[in-house]
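Q: Listed below are the residues making up each chain.
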Amino acid sequence: MATLEQLAKHVGGEISGIGDDPSSLNIDQVATLDDAQEGQIAFLFDRKYRKFLKITRASAVVLREQDREACPVPVIVTNDPYLAYAKIASFLNKPAETSGSVHPSAVIHEDSKVDFTADIAANTVIEKDVVIGANVLIGPGCVIAEGSVIGDYSRLVANVNICHHISIGKRTLIHPGAVIGSDGFGLARDGGNWVKIPQIGSVSIGDDVEIGANTTIDRGAIKDTIIENGVKLDNQVQVAHNVRIGENSALAGCVGIAGSAIIGKRCMLGGGVGIAGHLEIADDVTITGMSMVTKSIKEAGTYSSGWSVREARAWRRTVARVHRLDSIKKAEE
Amino acid sequence: MATLEQLAKHVGGEISGIGDDPSSLNIDQVATLDDAQEGQIAFLFDRKYRKFLKITRASAVVLREQDREACPVPVIVTNDPYLAYAKIASFLNKPAETSGSVHPSAVIHEDSKVDFTADIAANTVIEKDVVIGANVLIGPGCVIAEGSVIGDYSRLVANVNICHHISIGKRTLIHPGAVIGSDGFGLARDGGNWVKIPQIGSVSIGDDVEIGANTTIDRGAIKDTIIENGVKLDNQVQVAHNVRIGENSALAGCVGIAGSAIIGKRCMLGGGVGIAGHLEIADDVTITGMSMVTKSIKEAGTYSSGWSVREARAWRRTVARVHRLDSIKKAEE
Amino acid sequence: MATLEQLAKHVGGEISGIGDDPSSLNIDQVATLDDAQEGQIAFLFDRKYRKFLKITRASAVVLREQDREACPVPVIVTNDPYLAYAKIASFLNKPAETSGSVHPSAVIHEDSKVDFTADIAANTVIEKDVVIGANVLIGPGCVIAEGSVIGDYSRLVANVNICHHISIGKRTLIHPGAVIGSDGFGLARDGGNWVKIPQIGSVSIGDDVEIGANTTIDRGAIKDTIIENGVKLDNQVQVAHNVRIGENSALAGCVGIAGSAIIGKRCMLGGGVGIAGHLEIADDVTITGMSMVTKSIKEAGTYSSGWSVREARAWRRTVARVHRLDSIKKAEE
Numbered sequence: 015m016a017t018l019e020q021l022a023k024h025v026g027g028e029i030s031g032i033g034d035d036p037s038s039l040n041i042d043q044v045a046t047l048d049d050a051q052e053g054q055i056a057f058l059f060d061r062k063y064r065k066f067l068k069i070t071r072a073s074a075v076v077l078r079e080q081d082r083e084a085c086p087v088p089v090i091v092t093n094d095p096y097l098a099y100a101k102i103a104s105f106l107n108k109p110a111e112t113s114g115s116v117h118p119s120a121v122i123h124e125d126s127k128v129d130f131t132a133d134i135a136a137n138t139v140i141e142k143d144v145v146i147g148a149n150v151l152i153g154p155g156c157v158i159a160e161g162s163v164i165g166d167y168s169r170l171v172a173n174v175n176i177c178h179h180i181s182i183g184k185r186t187l188i189h190p191g192a193v194i195g196s197d198g199f200g201l202a203r204d205g206g207n208w209v210k211i212p213q214i215g216s217v218s219i220g221d222d223v224e225i226g227a228n229t230t231i232d233r234g235a236i237k238d239t240i241i242e243n244g245v246k247l248d249n250q251v252q253v254a255h256n257v258r259i260g261e262n263s264a265l266a267g268c269v270g271i272a273g274s275a276i277i278g279k280r281c282m283l284g285g286g287v288g289i290a291g292h293l294e295i296a297d298d299v300t301i302t303g304m305s306m307v308t309k310s311i312k313e314a315g316t317y318s319s320g321w322s323v324r325e326a327r328a329w330r331r332t333v334a335r336v337h338r339l340d341s342i343k344k345a346e347e
Numbered sequence: 015m016a017t018l019e020q021l022a023k024h025v026g027g028e029i030s031g032i033g034d035d036p037s038s039l040n041i042d043q044v045a046t047l048d049d050a051q052e053g054q055i056a057f058l059f060d061r062k063y064r065k066f067l068k069i070t071r072a073s074a075v076v077l078r079e080q081d082r083e084a085c086p087v088p089v090i091v092t093n094d095p096y097l098a099y100a101k102i103a104s105f106l107n108k109p110a111e112t113s114g115s116v117h118p119s120a121v122i123h124e125d126s127k128v129d130f131t132a133d134i135a136a137n138t139v140i141e142k143d144v145v146i147g148a149n150v151l152i153g154p155g156c157v158i159a160e161g162s163v164i165g166d167y168s169r170l171v172a173n174v175n176i177c178h179h180i181s182i183g184k185r186t187l188i189h190p191g192a193v194i195g196s197d198g199f200g201l202a203r204d205g206g207n208w209v210k211i212p213q214i215g216s217v218s219i220g221d222d223v224e225i226g227a228n229t230t231i232d233r234g235a236i237k238d239t240i241i242e243n244g245v246k247l248d249n250q251v252q253v254a255h256n257v258r259i260g261e262n263s264a265l266a267g268c269v270g271i272a273g274s275a276i277i278g279k280r281c282m283l284g285g286g287v288g289i290a291g292h293l294e295i296a297d298d299v300t301i302t303g304m305s306m307v308t309k310s311i312k313e314a315g316t317y318s319s320g321w322s323v324r325e326a327r328a329w330r331r332t333v334a335r336v337h338r339l340d341s342i343k344k345a346e347e
Numbered sequence: 015m016a017t018l019e020q021l022a023k024h025v026g027g028e029i030s031g032i033g034d035d036p037s038s039l040n041i042d043q044v045a046t047l048d049d050a051q052e053g054q055i056a057f058l059f060d061r062k063y064r065k066f067l068k069i070t071r072a073s074a075v076v077l078r079e080q081d082r083e084a085c086p087v088p089v090i091v092t093n094d095p096y097l098a099y100a101k102i103a104s105f106l107n108k109p110a111e112t113s114g115s116v117h118p119s120a121v122i123h124e125d126s127k128v129d130f131t132a133d134i135a136a137n138t139v140i141e142k143d144v145v146i147g148a149n150v151l152i153g154p155g156c157v158i159a160e161g162s163v164i165g166d167y168s169r170l171v172a173n174v175n176i177c178h179h180i181s182i183g184k185r186t187l188i189h190p191g192a193v194i195g196s197d198g199f200g201l202a203r204d205g206g207n208w209v210k211i212p213q214i215g216s217v218s219i220g221d222d223v224e225i226g227a228n229t230t231i232d233r234g235a236i237k238d239t240i241i242e243n244g245v246k247l248d249n250q251v252q253v254a255h256n257v258r259i260g261e262n263s264a265l266a267g268c269v270g271i272a273g274s275a276i277i278g279k280r281c282m283l284g285g286g287v288g289i290a291g292h293l294e295i296a297d298d299v300t301i302t303g304m305s306m307v308t309k310s311i312k313e314a315g316t317y318s319s320g321w322s323v324r325e326a327r328a329w330r331r332t333v334a335r336v337h338r339l340d341s342i343k344k345a346e347e
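Chains as they are written, first to last, in my numbering: chain X, 15 to 347; chain C, 15 to 347; chain F, 15 to 347.
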């Protein structure tokens with residue numbers, strides 16, 4: 015719960031409204047323009063929802079200057095309503111504070127250090143020499159293996175696996191089923207057989223990182239796999255050994271990154287993108303969905319290699335014609 | 015165990031056989047034509063296995079009219095032997111009934127309601143205000159977080175994660191490692207940093223849904239992510255926030271669907287398909303494997319964008335020729 | 015800890031060094047050339063790191079004959095320094111031996127057989143009629159369902175799910191979140207609805223297999239899914255029902271294999287590769303990353319269908335020109 019004035023101040027926006035001063039309006043939740051109820055605040059950042067302005071029952075709307083006149087309810091005017099939405103939603107939906115509760119079914123090794131403010135939920139296992147920081151939340155069914163460190167205010171939602179000797183920064187959020195620190199895929203051929211290469215490196219996760227459900231991050235072969243501060247990984251992302259992901263890069267679902275690839279800062283990788291190993295991607299690179307990167311990218315920009323669907327027979331004709339380019343060429347030779 | 019007569023009736027097929035009336039034959043399991051033993055029933059729906067008819071040791075075979083004469087053992091004749099296989103296999107392999115047993119190691123919050131007929135296995139955690147319906151099976155190591163509801167006869171095999179305030183319908187089957195209700199990937203840029211958008215929506219899963227191992231379904235940002243009745247999701251499918259999947263659609267392994275995409279009813283998505291966000295796919299659309307959809311599809315039909323492998327040097331030549339189309343064009347300009 | 019002589023013998027290499035005989039040097043760990051400290055051994059197999067030879071502080075370096083002269087510290091000369099790295103790293107980093115410890119929080123059914131040398135960690139669940147072999151390690155949070163068998167010296171790191179009646183060979187290593195034996199995706203259409211086909215087959219995993227984090231392997235519909243000896247699966251691999259993967263094949267992250275596909279021996283599948291169902295791939299086939307296989311491959315060799323990224327506008331032009339091949343052709347017709 016907050017007043018409209020508090021929210022406007024929080025996002026650096028300006029209140030305006032017809033009639034009485036709306037500053038003291040009480041707002042308890044965010045909502046969409048079409049669904050909002052009294053006491054809720056809505057947001058207009060996508061033009062296609064502008065039609066809902068006139069029917070909204072929101073107590074207030076956050077929008078840009080140019081939409082102010084069209085809105086029949088009090089507004090907060092800002093240049094970036096989407097960012098305001100993120101900030102206001104966060105303000106109104108703070109994660110519950112920890113209370114220092116440890117569930118009796120949690121199995122905590124006596125040689126680990128759990129800060130007295132941390133919450134440890136049911137059926138979680140904390141092994142030897144683990145350090146759990148202040149205000150950390152470890153949800154149910156997690157396993158924190160020997161020697162790992164979880165920084166202050168980090169939250170592991172449930173069933174998260176932190177393998178041995180992994181370091182997690184502060185305010186990092188890890189969703190269920192994520193695995194941090196499994197062995198990298200290191201193999202050497204010995205005739206027809208494979209010899210496993212022990213993975214003796216670790217994983218270092220920075221501050222303010224978010225790691226999606228069932229995402230996997232392998233430990234390094236010798237040196238560490240590194241996820242820098244502010245990196246955001248969606249669900250089912252696969253990060254191989256010795257990868258480094260630069261600050262504030264965001265990777266959408268199902269991205270796969272092969273061993274020793276280095277991703278720059280503020281990169282954005284679309285869903286299903288694949289990055290080959292042992293290459294380097296510059297800062298501020300965007301890769302569109304389902305593209306494959308097999309060589310280093312040295313300049314910021316947007317890169318693609320995905321094909322969009324066509325009706326299946328049309329697509330088969332396209333494929334056939336592309337393959338015929340070969341035979342034409344051969345005939346000419 | 016069932017008689018051949020019971021099975022024929024169950025699938026609406028017609029029994030025939032040489033000599034004695036085979037109706038009272040006892041059948042205890044399904045099998046393949048080549049491996050079947052006495053007491054087992056086999057099925058012929060794929061022409062390439064027709065050669066096994068004459069050597070089969072099955073006690074009976076389900077097949078189409080045109081194959082009846084070629085079969086030396088009693089048969090059930092039906093128009094759709096594959097569907098008959100599904101129905102007979104289900105008839106002979108019913109899931110065990112629940113017995114209302116609650117393992118002493120399960121951690122069940124006192125403010126949750128577990129129907130007295132439900133089974134709760136070892137090391138499962140059920141948080142506050144959860145409702146578990148009649149004849150539900152919650153396997154070992156599951157976490158059902160606060161406020162979630164599991165409908166009658168649903169089964170969570172093991173290590174399933176149901177996050178807070180999720181609704182699961184009746185007779186829904188969820189395989190190990192699935193995560194339902196993790197946060198959507200909602201971020202707003204604030205200069206070089208990301209601000210997380212709290213995901214306050216939920217996930218609503220219908221009746222008769224199947225969710226594969228390690229599949230992830232994110233909760234909605236504001237409104238809910240919706241999986242309608244009869245939807246079947248294979249393993250490692252990723253469903254982002256605010257997606258809606260229509261009734262009886264079936265998604266094969268490794269499909270990824272970005273935020274707010276709407277998939278129609280009775281759609282079929284092949285393995286590894288990627289669907290971009292904020293688009294709509296009509297009913298009865300089939301997308302072949304590893305294709306990418308970036309625009310709405312308004313008509314039923316089959317759509318593709320995948321390339322099949324060629325020998326690597328030939329493929330490299332093809333790629334080079336496609337890229338040369340650019341330079342030819344440029345030279346012409 | 016080992017002497018240089020022991021290590022040289024272990025890899026069949028030859029020691030040489032300037033001055034005193036280095037055979038008795040003590041080595042306790044592997045390291046990279048640039049980071050190595052005293053007591054560590056480094057390896058030169060990639061030409062681009064040759065520059066670090068002259069600055070290395072490693073106590074010894076493993077390298078090829080041609081690099082011997084350039085190295086200022088004692089060396090082991092071998093034809094395959096990468097294989098030597100695997101062998102020496104394994105020699106110096108043996109997994110801890112099991113001690114026969116069973117954590118009191120583990121839930122073990124009285125009708126299961128756990129060898130007295132096996133370790134069973136906290137909050138693991140072992141159901142009825144399970145057999146756990148000698149020196150097996152079952153980490154925390156695992157679920158081994160009814161009737162499954164785990165061979166000697168196998169290790170399940172943590173939160174591994176072995177469904178019912180699955181067979182795992184010897185010395186097999188399974189990483190967190192892997193699911194072995196979930197139901198295959200078997201469905202038959204009945205008008206607009208799906209009828210589930212019970213999956214009554216099993217999964218048979220051989221000896222010396224490695225299975226990555228969050229990898230899923232479905233049980234067979236009637237017959238079994240089979241992973242032969244020495245197969246290596248990286249993270250987030252999806253193996254559908256009735257697949258067979260031949261000896262010593264290695265599959266990189268995010269590979270997906272549809273039902274009843276047969277992969278030969280010693281195959282290598284790059285990251286994100288997709289294999290359609292009901293086809294056969296010969297021995298010694300390599301598929302490069304993100305390629306799709308839709309037909310059987312009958313000859314050993316390397317196959318591709320992936321596209322690498324270009325700058326996005328250039329890529330869009332390429333796509334447009336490929337589609338124009340259709341209209342040109344049509345115009346000609």
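These are calculated hints, taken from the structure and not from any lab test.
It should be emphasised that the depicted structure is a prediction, and the values quoted were computed from it without experimental measurement.
Do not rely on the hints blindly, as some may be mistaken.
The list cannot tell twin chains apart, which means a pair is met if one copy fits it or any two copies do.
Straight line, CA to CA, 27 angstroms or less: simulated BS3-like cross-link-like pairs of lysine-lysine [stated by the list, open to error]: (1) Lys-184 x Lys-108; (2) Lys-23 x Lys-279; (3) Lys-237 x Lys-279; (4) Lys-127 x Lys-210; (5) Lys-309 x Lys-142; (6) Lys-142 x Lys-279.
Q: All the hints need checking, so say for each whether the structure fits it.
A: Checked hints:
{"no.": "1", "hint": "Lys-184 x Lys-108", "in the structure": "within (16 angstroms within a copy, 33 angstroms between copies)"}
{"no.": "2", "hint": "Lys-23 x Lys-279", "in the structure": "neither (30 angstroms within a copy, 45 angstroms between copies)"}
{"no.": "3", "hint": "Lys-237 x Lys-279", "in the structure": "within (20 angstroms within a copy, 32 angstroms between copies)"}
{"no.": "4", "hint": "Lys-127 x Lys-210", "in the structure": "neither (33 angstroms within a copy, 29 angstroms between copies)"}
{"no.": "5", "hint": "Lys-309 x Lys-142", "in the structure": "neither (42 angstroms within a copy, 51 angstroms between copies)"}
{"no.": "6", "hint": "Lys-142 x Lys-279", "in the structure": "neither (35 angstroms within a copy, 41 angstroms between copies)"}
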